[in-house]
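Participant: Protein chains in written order, with my numbering: chain A, 19 to 337; chain B, 70 to 378.
Source of the hints: derived by calculation from the structure; they are not laboratory data. Don't take every hint at face value.
Said to hold, decoys possible - In silico lysine to any residue, SDA-like type, Cα no more than 20 Å apart, as pairs:
1) LYS138(B) <-> TYR174(A)
2) LYS179(A) <-> MET339(B)
3) LYS179(A) <-> GLY103(B)
4) LYS148(A) <-> GLY103(B)
5) LYS25(A) <-> ASP206(B)
6) LYS25(A) <-> ILE207(B)
7) LYS179(A) <-> LYS138(B)
8) LYS25(A) <-> TRP196(B)
9) LYS179(A) <-> ALA342(B)
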Amino acid sequence: MLILGRKLLQLAVVFVVVTFFTVFLMSLVPGKPEVVVIPFDTTPGQSLQKQFREDNNLDDPLPIRWAKWAGAFVTGDMGNYYSSSDTEPVSGRVKHNAPTTILLIIYTQVVSLAVAIPLAVVAAYRAGTKTDKALNSMAFGFISMPNFATALLLTYWLGVKLGWVPTQGYTAPSESIPDHLKSMVVPVIALSLGQIAVYMRLLRSDLVATLQEDFILMAKSKGISNRRVLWRHALRPSSLTLLTVAGLNVGTLIGGAVVIEYLLGIPGLGTLVGEAIFSRQYVALQSLVAIIAITFVLLNFLIDYLYTVLDPRIRERAA
Amino acid sequence: MTATTPKARGIEEVPLIVEQIDPELERRKRLPIGAWLAGGWMVLIMGAALLAPVLPLNDPNAEVASIPKLAPGQEGLIFGADGNGRDMFARLIFGARVSLTIAFTAVILALIIGGLLGLLAGYYRNWIGNVLASLFDIMLAIPALVLALALVAVLKGNPAENEGGLSGQVILIIAICIVSIPALARITRANTMAWSKREFVTAAKAQGATSGRILFREILPNVLPAMAYITLLGIAIAIVAEGGLALLGAGVDPPTATWGNMIDAGRQDMDEAPFIMFIPIGAMFITVMALNYLGDVVRTHFDVRESAL
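Whenever a hint applies, use it, and build me the whole structure from the sequences.
Facilitator: See the structure below:
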């Protein structure tokens, strides 16, 4: 209970600091939202722009602006996009675009782990051999390939040359599942390569350490097959670091998604973040950054909890 | 004198321990051939970047080819010409100059600031350390690229109003530096914490050494390998970050050649002349791989543990 309370407090602090920092940062951006929304204000004394500033609380001091936004945000109101004509709630765009990014990240994590775990098990089992070294070199290659570079090369190779996948755009799964999967091939591979390398190297080194433990020797001497020892006895206690990093990487993936979504014309959260920065949509950006930061912190809580599931020793210590 | 006191026996045994050289350790201390290759590439590319203005290269912004998108090897242009007929080879070298300057300056500045904060946060285990550590964690909750993008937007401002403003390179250096600080600080802190618990630090404290002396003379030299490792990785990430920001239109303004700008320009001509995109991607890939590899060499050589979590 005490731990939960501390975690909630931590979440609150992160929320306040991150969003306040965002408000502060965006207030420094030269170029005012009213000029972006109403570029040519011909009314006397630029009254339209003034009215706009008033409507959107832009003249309030920073803390008040933040408080108004935060008060609404915690009740689920993410504010509106600045607009001269109609009101467009940020939550609408977020609801529309979030599933795309969430799917992209889930696919990426699933593909990365599905490839990295077997490779790591092979590398650890054959530690020090040619197989291990070849896998290690491959990891170096993967990790050194910027995700946008992979996306561009794949777009050229799979899209332009072979014509197997679209070079741009996104199809929602509700429209057509095969087209949806096709449109996800390039972004998912682009984001996965680096993750595969990181996950593989982490899990390999943890597995190598675990394989030297007494209980592995015990299991082997009981006559359990190597396959079973590796997958059932060694993998679980070795996966803690992997899990942590996989969770932390969601933040990196969201950052990577900004570039990849932009390059490939995929309407996701990354696209919204980029748009919000460049068109001075402060309120939208605050809400988006808050969502990303909160997701990140919540994921870390979840990982802390999963720790206790994976490793009974931690569970006993906490109890 | 056959009976020896425990203390005397200890002294006699010391040389024996020293003589036993662990073959595993010995093997690790020899530099692998890959390290020479990676180091060689970095020397080559950094040397070329440094000497670019005095090397016999074409003007990177001049149209020198008879036609745009001239294939590599023709008219004496070994990497061909880009969509504007500019010499790709000259742009690659001048691009390296800008891209590497941004990456190295940003990360080394971040290392100085973040390293210092990390040392303080790891050494002072009181409220100062806690506040600093929480700050690093909070900063890391914002995806680095999103933060960098916002910082570039802040610093660049409105292009129409930004006459005497900061140059594009300085803006990118500041943005990449700021987003690198928490990561560097966090790793330094983790390592400082580990070393602060060692006996020699306690001994130094017992001898009445000041905190400054303990931090910089006792702990810092031991944390340096970890910092070197993370710096090499950080530079690799910074080179990639410049590319990503350039693709998002938040890089150094064209026509300045940077690797990111070259990739962005090549992307438009992907259908007809993919080599324009492949060449800067290749340069970036090899450089990033070389830096990653050198980082790994430092890590294994000094047995740095990645206990950052």
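Participant: Against this structure, judge whether each hint is valid.
Facilitator: Here is how each hint holds up against the structure:
1. Between the alpha carbons of LYS138(B) and TYR174(A) the distance comes to roughly 17 Å, so the proposed pair stays at or under 20 Å and holds.
2. Using a Cα cut-off of 20 Å, the hinted pair LYS179(A) and MET339(B) holds, with the two alpha carbons roughly 10 Å apart.
3. With a CA separation close to 34 Å, the supplied pair LYS179(A) and GLY103(B) exceeds the 20 Å bound.
4. Taking the CA atoms of LYS148(A) and GLY103(B), the gap is about 16 Å. The hint holds against a cut of 20 Å.
5. At most 20 Å may separate the alpha-carbon atoms for a hinted pair to count; LYS25(A) and ASP206(B) meet this at roughly 14 Å.
6. Under the criterion of a C-alpha separation no larger than 20 Å, the hint pairing LYS25(A) with ILE207(B) is consistent with the structure, at around 14 Å.
7. Distance restraint check for LYS179(A) and LYS138(B): the Cα-Cα separation of roughly 18 Å lies within the 20 Å cut-off, and the hinted pair is therefore satisfied.
8. Taking the CA atoms of LYS25(A) and TRP196(B), the gap is about 18 Å. The hint holds against a cut of 20 Å.
9. For the hint linking LYS179(A) to ALA342(B), the alpha-carbon distance of about 12 Å falls within 20 Å, and the restraint holds.
The structure shown violates just one earlier hint, number 3.
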